[in-house]
Amino acid sequence: MIEVSGVTKAYARTVVVDDVTISLQPGGITSIVGANGAGKSTLLSMIARLVGMDDGHISVGGLDVSSADPRELARTLGILKQENSMPLRLTVHDLVSFGRYPHSRGRLGPDDHAIVDTSIHTMDLDELRDRFLDEMSGGQRQRAFVAMLLAQDTDYLLLDEPLNNLDMAHALAMLERLRHAADALGKTVVMVVHDINFASAWSDHLVAMKDGRVVAQGSPREVVDSAMLNHVFGVNCAVSVEGGCPIAQYYMPAARRTELVRAELAHAEQSRTDAL
Amino acid sequence: MTALATPGTTATAPRWTSRRRLLLLAALALASIIAFLAIGSGGDLAFTAQLRGTKVATMVLVGWATGVSTVAFHTITNNRILTPSVMGLDALYAFLVTLLAFVLGVTFTGQLGPYGSFAITLVLMVVFGLGLTSVLTRKGSQVHLLVLIGIVLGTLLRSLSSLLTRMMDPTTFLVVQGNLFASFNAVQPMLLLPAGVLTVAGSWWLWHRRHELDVMRLGPDHATSLGVDWTRMVREVLLVAVVLVSVSTALVGPITFLGLLVANIAYEVTTTGRHSHTMPMAGLIAITTLVGGQAVLEQVFGLATLLSVIIEFGGGLVFIWLVLRGSRK
Amino acid sequence: MTSLVSPAGVGIRPRGWMLPLAVLCLVVASLVSLFVGVADLHPLDFLRGTATDDQWLNLMASRIPRTTAVLLAGSALALSGMLMQLLVRNKFVEPGTVGTSESAAAGLLAVTLLWPAAPLAVKMAIAVVFALAGTALFLRLVRSLPPTTSLIAVPLVGMMLAGMVSAATTFVAHRLDLLQTLGVWMAGDFSGVLRGRYELLWLVAGVFVAVWFFADRFTVASLGEAHATSLGLNHRQAMRLGLALVSVASAVCLVVVGNIAFVGLVVPNLVSMVLGDRLRRSLPWVALAGAGFVLACDLVARTINFPYEIPVGTIAGVVGAAVFLVLLWKRTPAVSR
Chain D
14 MIEVSGVTKA YARTVVVDDV TISLQPGGIT SIVGANGAGK STLLSMIARL
64 VGMDDGHISV GGLDVSSADP RELARTLGIL KQENSMPLRL TVHDLVSFGR
114 YPHSRGRLGP DDHAIVDTSI HTMDLDELRD RFLDEMSGGQ RQRAFVAMLL
164 AQDTDYLLLD EPLNNLDMAH ALAMLERLRH AADALGKTVV MVVHDINFAS
214 AWSDHLVAMK DGRVVAQGSP REVVDSAMLN HVFGVNCAVS VEGGCPIAQY
264 YMPAARRTEL VRAELAHAEQ SRTDAL
Chain L
3 MTALATPGTT ATAPRWTSRR RLLLLAALAL ASIIAFLAIG SGGDLAFTAQ
53 LRGTKVATMV LVGWATGVST VAFHTITNNR ILTPSVMGLD ALYAFLVTLL
103 AFVLGVTFTG QLGPYGSFAI TLVLMVVFGL GLTSVLTRKG SQVHLLVLIG
153 IVLGTLLRSL SSLLTRMMDP TTFLVVQGNL FASFNAVQPM LLLPAGVLTV
203 AGSWWLWHRR HELDVMRLGP DHATSLGVDW TRMVREVLLV AVVLVSVSTA
253 LVGPITFLGL LVANIAYEVT TTGRHSHTMP MAGLIAITTL VGGQAVLEQV
303 FGLATLLSVI IEFGGGLVFI WLVLRGSRK
Chain B
206 MTSLVSPAGV GIRPRGWMLP LAVLCLVVAS LVSLFVGVAD LHPLDFLRGT
256 ATDDQWLNLM ASRIPRTTAV LLAGSALALS GMLMQLLVRN KFVEPGTVGT
306 SESAAAGLLA VTLLWPAAPL AVKMAIAVVF ALAGTALFLR LVRSLPPTTS
356 LIAVPLVGMM LAGMVSAATT FVAHRLDLLQ TLGVWMAGDF SGVLRGRYEL
406 LWLVAGVFVA VWFFADRFTV ASLGEAHATS LGLNHRQAMR LGLALVSVAS
456 AVCLVVVGNI AFVGLVVPNL VSMVLGDRLR RSLPWVALAG AGFVLACDLV
506 ARTINFPYEI PVGTIAGVVG AAVFLVLLWK RTPAVSR
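Protein chains in written order, with my numbering: chain D, 14 to 289; chain L, 3 to 331; chain B, 206 to 542.
In short, the hints are calculated from the structure, not lab data. Do not rely on the hints blindly, as some may be mistaken.
Where chain L lies over chain B, by a calculated footprint (3+ residues, C-beta under 8 Å) [unchecked claim]:
#, region
1, 314-325
2, 366-380
3, 519-526
Computed from a prediction, not measured in an experiment: that's the story for all the values here. The C-beta atom is built at its ideal place from N, Cα and C for all residues, glycine as well.
Same shape as in the complex, but just chain D (with noise of 0.2 Å):
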């Protein structure tokens, strides 16, 4: 169970996060949503204890990430971070190698190799795993972290963006092992996504925010329809659904759907004169 009450958050004048109190229940997945600058990332970072608040509480199931055991915390919950920049020169072994630090402090037992050697299985790095990861491109960057990630192996996965950088076959493997770390091992999944299509497909649970507050919550089918989508993102679009799940048709609003239907037409029209 996460639970965030009144959390405030300002950078220097500016209200990043605004009086923020939501309860997500353990188990399956939960995405934020929201156009940039909503505060989604500094929200998820004030959960993993990343950044300060300036105002409330934040407990992680049953910690408070402000005042609880630093190695607790680290079993507890886990995140992946937006930016993943390494000053080091590490093989993906190395790095997911990381991930069970809390558990061993840094004496890594049989156990722990089986838990890296496992993550980066799942994520489909076997052949990389000596690789640097100065010398891979950021896609396998990005995969590289989520398995420290999986390493880490807490009950909480906190991701922010962990589509960013992967191609369309990665991205939909990314949520499929997401999905399956939910539903098979129980594992509470926090991520931060911006295309409201991979949140609305996959999570179980929705969060949109917007200047700093929470404006919806519930599940893809309650939260998403063209008034939030409007209030929130500020785009005019139909939604439809298929498969019982809401989808955004944002990559074609209605003015360019009229625009490209009449050049069709015309073209049509034209072909038909040339043919008369």
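Once you've looked at the hints, dock chains L and B against the given chain D.
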């Protein structure tokens, strides 16, 4: 090195290489100590040990403290091109010596006794370091801000020192200047015990925390996420580093670039980057450089005081090379 | 984002009458400065024509040159700081903290050793060459830093470089018993300024004109190589030109009056907070404020321990360091982790 990096064995192979190199360095350090004691002794080791013992012990202490503290400092700043003494510690030392000479006159070292000036400079440098680390409690873990503040305070102290030296008579001025160049020749033997105790204690603490330091190399976010109390660790490591640097500075005077030189050689030589390897490696390289270099310069070329300067300059060149190399990546 | 974290002073536009007013203040302060000193000079004596020949000599040969030197050096230091901050794109650098001044001192030491009888102009030329080399090395180092480096790493590199050069110079000076001479060079001081010994400082007036002429070019260059190139500027050339101007200004100051730390850091930062970074707008203000700051420091240095003088570099160092620390502190948001 590439030959050893066969897939599947990389986890263990570099560790073996590193360990072997560590042993090799230890042997080298020992050899240079023996060489320093033996050269020109005519076979009477016991006699030269008495004569040069203090000097060797000083160099071993200073080298070890500098090497180990620089590696730890690099880890918490996530930066390989810094040395702990740039935070104004050298300038503070210079200011304190100048101030003591200004207030007490040219005989200040005699008036304070061997422990006196050592204790005064050491305590004030540690207090200064403590004050700097308290910045972290106010501004989060912005180590770079702290270093910059240290450097600005250093410039301020240098202004004040130059003001004092202007109002000084030339004799006192010369004595002060002599004190500001690192020298292994004039160390009081009785200072070695307190300096040794502090160095051993600081090194032991760092050794104890070596795994946490390994994780800290990943940067604040990853380390925090993996359960390291980042701000607290930074504060503690910083304090230990300040103590180690202060001990060495109070003992022989400022050596700014030695740490930079040996830490970076240590990173190149060790293949794992683990603190259990890099810290002792840096310490051993520093000892070998100091003792071996001194043996060669003193016994072979007959130049007694040049070593610290050569090391300073070598360290500076390493610094430039490091930054320039960054562009090729 | 930057506008959000800037202090409340942003948005103050200088009105037309402000600049003349500032000039007037500076003129008044300069007049005060003329009549402060050990020898008793009184403005009324000169107006009534009752001043003695000695008094006239003192005024013309010592007081006027000194005040002129203070004004020139102050504006030159602030100006070169501003220019360097624009070109390096970092608010925390100035010639005194990146090795320019130290390199100039190294050049001065070299020429003193190799050709002690060289005329001042030759010494200065050598110092300029060394300053150029030191600054070029610094810029080369900065360019090698990875783009992700924090803003504070840039001045750190400069300070390390400066430390290295000054360690080498100090050692050579120590060996050759020139330390006190070196100390005199490095501690900014106007007490030695007399007619015939400061005129080279007028070179910085030329630098000022050049910077004014190329001001827009430097502003564009400060947007970064990519932007500058796409705006049609030869970025490399602008950098070289700026580098040369900074080196000349700081080497000349060092040779004539010594090193005055922090003027180039504090003054441009304060001006930039209020006026922004468009060089043509801020340039006169930077020059005026620099001259005013050093003039004030010089007045304090002359009166605080009257009749003895404290080197102006010390006063400027203490005041400048304090202001710089406050700026640094305020500009860094508190982080509650």
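Holds or violated: the region 366-380 of chain B covered by chain L, criterion of 3 or more residues with Cβ-Cβ distance under 8 Å?
Per the Cβ count (7), the hint holds.
Test coverage of the region 314-325 of chain B by chain L using CB-CB distances below 8 Å; three residues minimum.
With 0 residues in contact (Cβ-Cβ under 8 Å with chain L), the coverage given for the region 314-325 of chain B is violated.
Given that the region 519-526 of chain B was listed as covered by chain L, double-check it with a C-beta distance under 8 Å for 3 or more residues.
Since 4 is at least three, the answer is holds.
Comparing the model with each numbered hint stated earlier shows that hint 1 is the single one that does not hold.
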